[in-house]
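Kindly generate the complete structure, drawing on both the sequences and the hints.
2 protein chains.
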Amino acid sequence: MKKEILFSPGPTNVPAEILLAGAKRTIHHRTKEFSVMLEEATKGLGRAFDTKGDIFILTSSGTGGMETAVVNFLSRNDNVLVLNTGAFGRRWVNIVKTYGLVPDVLEYPWGESFKISDVEAKIKEKKYKAVLCQLGETSTGVVNDIKSLGDMVPKDTLLIVDAVSGLLTEEFHMDKWNVDVCVSGSQKGLMMPPGLAFIAVRKGLDDKIGKGDLPSFYFSLVHAKTYGEKGQTPWTPAVNLIYQLNRALEMLEEEGLDNVITRHKNMAQIARKTVVEMGLELFSSAPSNGITAVKVPEGIDGSKLIEHICEKYGVRFANGQREYKGKIIRIAHMGYVTVPDILMALNCLWLGLKKSGFKTKPGAMLSALETAAALD
Amino acid sequence: MKKEILFSPGPTNVPAEILLAGAKRTIHHRTKEFSVMLEEATKGLGRAFDTKGDIFILTSSGTGGMETAVVNFLSRNDNVLVLNTGAFGRRWVNIVKTYGLVPDVLEYPWGESFKISDVEAKIKEKKYKAVLCQLGETSTGVVNDIKSLGDMVPKDTLLIVDAVSGLLTEEFHMDKWNVDVCVSGSQKGLMMPPGLAFIAVRKGLDDKIGKGDLPSFYFSLVHAKTYGEKGQTPWTPAVNLIYQLNRALEMLEEEGLDNVITRHKNMAQIARKTVVEMGLELFSSAPSNGITAVKVPEGIDGSKLIEHICEKYGVRFANGQREYKGKIIRIAHMGYVTVPDILMALNCLWLGLKKSGFKTKPGAMLSALETAAALD
Numbered sequence: 196m197k198k199e200i201l202f203s204p205g206p207t208n209v210p211a212e213i214l215l216a217g218a219k220r221t222i223h224h225r226t227k228e229f230s231v232m233l234e235e236a237t238k239g240l241g242r243a244f245d246t247k248g249d250i251f252i253l254t255s256s257g258t259g260g261m262e263t264a265v266v267n268f269l270s271r272n273d274n275v276l277v278l279n280t281g282a283f284g285r286r287w288v289n290i291v292k293t294y295g296l297v298p299d300v301l302e303y304p305w306g307e308s309f310k311i312s313d314v315e316a317k318i319k320e321k322k323y324k325a326v327l328c329q330l331g332e333t334s335t336g337v338v339n340d341i342k343s344l345g346d347m348v349p350k351d352t353l354l355i356v357d358a359v360s361g362l363l364t365e366e367f368h369m370d371k372w373n374v375d376v377c378v379s380g381s382q383k384g385l386m387m388p389p390g391l392a393f394i395a396v397r398k399g400l401d402d403k404i405g406k407g408d409l410p411s412f413y414f415s416l417v418h419a420k421t422y423g424e425k426g427q428t429p430w431t432p433a434v435n436l437i438y439q440l441n442r443a444l445e446m447l448e449e450e451g452l453d454n455v456i457t458r459h460k461n462m463a464q465i466a467r468k469t470v471v472e473m474g475l476e477l478f479s480s481a482p483s484n485g486i487t488a489v490k491v492p493e494g495i496d497g498s499k500l501i502e503h504i505c506e507k508y509g510v511r512f513a514n515g516q517r518e519y520k521g522k523i524i525r526i527a528h529m530g531y532v533t534v535p536d537i538l539m540a541l542n543c544l545w546l547g548l549k550k551s552g553f554k555t556k557p558g559a560m561l562s563a564l565e566t567a568a569a570l571d
Numbered sequence: 196m197k198k199e200i201l202f203s204p205g206p207t208n209v210p211a212e213i214l215l216a217g218a219k220r221t222i223h224h225r226t227k228e229f230s231v232m233l234e235e236a237t238k239g240l241g242r243a244f245d246t247k248g249d250i251f252i253l254t255s256s257g258t259g260g261m262e263t264a265v266v267n268f269l270s271r272n273d274n275v276l277v278l279n280t281g282a283f284g285r286r287w288v289n290i291v292k293t294y295g296l297v298p299d300v301l302e303y304p305w306g307e308s309f310k311i312s313d314v315e316a317k318i319k320e321k322k323y324k325a326v327l328c329q330l331g332e333t334s335t336g337v338v339n340d341i342k343s344l345g346d347m348v349p350k351d352t353l354l355i356v357d358a359v360s361g362l363l364t365e366e367f368h369m370d371k372w373n374v375d376v377c378v379s380g381s382q383k384g385l386m387m388p389p390g391l392a393f394i395a396v397r398k399g400l401d402d403k404i405g406k407g408d409l410p411s412f413y414f415s416l417v418h419a420k421t422y423g424e425k426g427q428t429p430w431t432p433a434v435n436l437i438y439q440l441n442r443a444l445e446m447l448e449e450e451g452l453d454n455v456i457t458r459h460k461n462m463a464q465i466a467r468k469t470v471v472e473m474g475l476e477l478f479s480s481a482p483s484n485g486i487t488a489v490k491v492p493e494g495i496d497g498s499k500l501i502e503h504i505c506e507k508y509g510v511r512f513a514n515g516q517r518e519y520k521g522k523i524i525r526i527a528h529m530g531y532v533t534v535p536d537i538l539m540a541l542n543c544l545w546l547g548l549k550k551s552g553f554k555t556k557p558g559a560m561l562s563a564l565e566t567a568a569a570l571d
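So the sequence lines, in the order shown, correspond to chains E and W.
Going left to right, the first sequence walks through residues 196 to 571 as this note's numbering numbers them.
Going left to right, the second sequence walks through residues 196 to 571 as this note's numbering numbers them.
Simulated from the structure, these hints should not be mistaken for lab results.
Among the hints, erroneous ones may be present.
Since the list can't tell identical chains apart, any single copy or any two copies may satisfy a pair.
Dumping the calculated DSSO-like pairs for lysine-lysine here, alpha-carbon to alpha-carbon at most 27 Å [said to hold, decoys possible]:
#1 Lys507 - Lys219
#2 Lys403 - Lys292
#3 Lys292 - Lys406
#4 Lys425 - Lys499
#5 Lys420 - Lys520
#6 Lys520 - Lys198
#7 Lys507 - Lys425
#8 Lys198 - Lys468
#9 Lys310 - Lys468
Just so it is clear, the structure is predicted and the values come from calculations on it, not from any experiment.
Structural data, given as structure tokens:
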């Protein structure tokens with residue numbers, strides 16, 4: 196018997212309650228019944244983003260949400276500043292280039308977060324229409340300091356944040372932190388199947404929607420706003436995923452949104468402490484709550500190690516992306532993951548490392564337990 | 196007790212087997228396991244479209260699929276011909292205008308299909324980069340003659356067909372009928388929840404992907420093709436909807452794809468015959484297999500009638516769109532609908548009409564049964 200459990204950063208594990216919530220009768224989306232559930236969903240998401248602004252639910256992946264943020268608020272030839280701390284930072288660069296914007300890119304080595312002083316220097320030098328960045332950079336396990344960024348970015352420069360994996364795993368307060376547009380997705384902290392993206396727009400900014408000159412139809416928030424006012428979506432939405440979204444929000448609010456963040460913080464602390472005790476090195480200098488990236492020890496093939504642990508124990512870690520394939524292991528602890536789960540995952544990592552010939556320090560797993568006990 | 200059943204053209208009814216197929220453990224999309232199921236899905240869809248071309252599965256509504264067809268194959272200022280036979284024809288116009296194309300529009304009164312001779316005259320007059328049209332126009336219950344169109348459109352003009360509601364409800368052979376690009380969606384003939392769009396690209400046309408100058412990222416088939424070759428999708432797909440897609444394809448292939456079309460044809464025949472016998476008038480001069488649109492009799496408020504039938508019996512018909520709201524009733528019989536279902540729906544229509552004071556002719560329901568018997 197093998198139980199497959201995901202420690203990959205999206206898709207993540209989905210509780211049976213949420214899976215089954217999607218197995219309800221599909222209803223028509225031009226009905227009061229649908230509007231009621233859409234309103235419930237947007238209100239819940241508003242609390243998750245901590246915003247009084249508008250929330251739009253898209254049927255797409257998080258990347259579709261990122262594109263939505265660009266095409267609705269920016270224009271061709273706009274100067275924008277991208278804070279690129281990994282694969283998803285690079286995605287912002289590719290999206291804005293696709294639409295003919297002119298990005299300046301502050302690019303950091305993978306594993307590092309952006310430096311506020313660098314951003315400050317750039318912003319003094321030049322006027323930007325927008326700053327684009329990640330809250331959590333999923334490819335590297337880094338968390339960026341959005342609070343300080345929000346304090347510093349000028350009011351007339353849009354701050355656009357990808358919180359696809361950061362939402363509900365990191366502390367985040369969209370309104371308080373002066374974030375203008377924020378994107379997230381269903382398959383991370385929200386512990387749902389993939390298929391929905393969310394975009395939150397700060398109050399007072401909705402009059403800027405559609406004022407730019409970039410073409411968009413499916414992702415146009417002009418349509419989304421018009422229909423949103425009637426409690427609808429412009430296009431046929433993934434109705435059954437919205438059932439699941441409401442069930443997920445219900446479960447998370449029952450746990451308490453602050454407790455959800457604390458749970459992620461605790462799991463990250465256990466993971467970090469333990470891998471270091473094992474003799475591994477953390478990859479990220481500013482490690483996130485949602486994912487712990489560790490360097491694969493010299494002489495070991497990380498890809499094989501990950502595959503072995505998955506084959507043998509059903510525990511699926513994520514590989515490094517691009518040039519870090521086989522070089523880092525990403526242990527995601529986001530969404531439907533508990534302290535016992537992360538302990539189990541670390542035990543399997545220990546077993547895998549032992550099998551591959553790496554000598555883990557003897558006290559590592561005891562330290563994991565002691566860290567967990569101290570957090571009780 | 197009231198059982199809600201959809202006779203609306205998307206979302207449509209979803210069998211419990213398919214709902215539950217989505218309630219399986221969400222797997223990671225960068226795995227062999229996922230590639231196997233994606234290949235199964237694309238092969239099955241290839242049989243449904245009747246094409247040997249490439250199939251791409253998008254996480255979006257059908258409208259996202261329509262936009263995908265435009266942005267990947269066309270360019271700014273391209274002359275295109277749109278055959279506009281209703282709300283979805285108008286959608287083509289809006290999408291191509293959004294991207295700065297120059298459409299000539301052959302616009303027909305709602306309820307009529309396009310005339311091949313009109314298209315022929317237009318094509319003789321001017322060289323078009325593409326002709327865009329609908330197989331089934333859902334807003335009016337019209338089916339268009341794609342076969343004749345495909346015979347006539349020049350080889351170097353792209354024929355782009357929206358078969359969102361037409362696929363698996365109407366006879367359709369993409370390759371044989373010379374269709375270049377065809378779009379469909381999950382929540383119609385495929386009897387699935389909404390959330391997936393499909394785009395089929397005729398063999399030999401894939402070298403044209405991404406050669407135009409329209410911007411696109413999420414909907415770019417360049418990315419989709421690159422990842423498709425490794426058995427993946429570029430962005431995190433709605434994994435659980437793909438479970439459902441494979442279950443749906445399995446059920447439909449068990450019935451036999453030809454039998455699926457025949458079932459739709461038979462239901463449409465029963466619906467048309469019966470409403471006429473009731474004393475109602477058909478709205479469409481070229482009625483489709485998937486949806487029967489009827490005019491609401493003089494003096495009756497169609498919106499109230501539809502609401503009454505839904506409130507009282509759980510049977511949800513669709514209202515007319517735009518200027519036809521309250522003026523027509525659309526009885527969809529697509530997807531998970533059987534001959535007994537359509538008989539039941541017609542009985543409820545009869546009851547609703549009686550309640551609203553309309554004198555249906557006495558023999559109508561007997562005629563429904565006799566039509567059904569004759570089709571046995």
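Hint by hint, here is what the structure shows:
Proximity of Lys507 and Lys219 under a CA criterion of 27 Å is satisfied inter-copy only: 21 Å between copies versus 35 Å inside one chain copy. Both within a single protomer and between protomers do Lys403 and Lys292 lie at most 27 Å apart by alpha-carbon distance, with minima of 21 Å and 21 Å respectively. Taking the shortest Cα distances, Lys292 and Lys406 sit within 27 Å of each other both inside one copy (19 Å) and across copies (17 Å). Only between protomers do Lys425 and Lys499 lie at most 27 Å apart by alpha-carbon distance; the minimum there is 19 Å, versus 52 Å within a single protomer.
For a Cα distance limit of 27 Å, the shortest separation of Lys420 from Lys520 across copies, 22 Å, qualifies, whereas the shortest one inside one copy, 41 Å, does not. In this assembly of identical chains, the alpha carbons of Lys520 and Lys198 lie at most 27 Å apart only when taken from the same copy (25 Å versus 53 Å across copies). Within a single copy, Lys507 and Lys425 get their C-alpha atoms only as close as 52 Å, which misses the 27 Å cut-off; across copies the closest is 25 Å, which meets it. Taking the shortest alpha-carbon separations for Lys198 and Lys468, only the intra-copy value of 26 Å comes in at or below 27 Å, while the best inter-copy value is 55 Å.
Only within a single protomer do Lys310 and Lys468 lie at most 27 Å apart by alpha-carbon distance; the minimum there is 25 Å, versus 72 Å between protomers.
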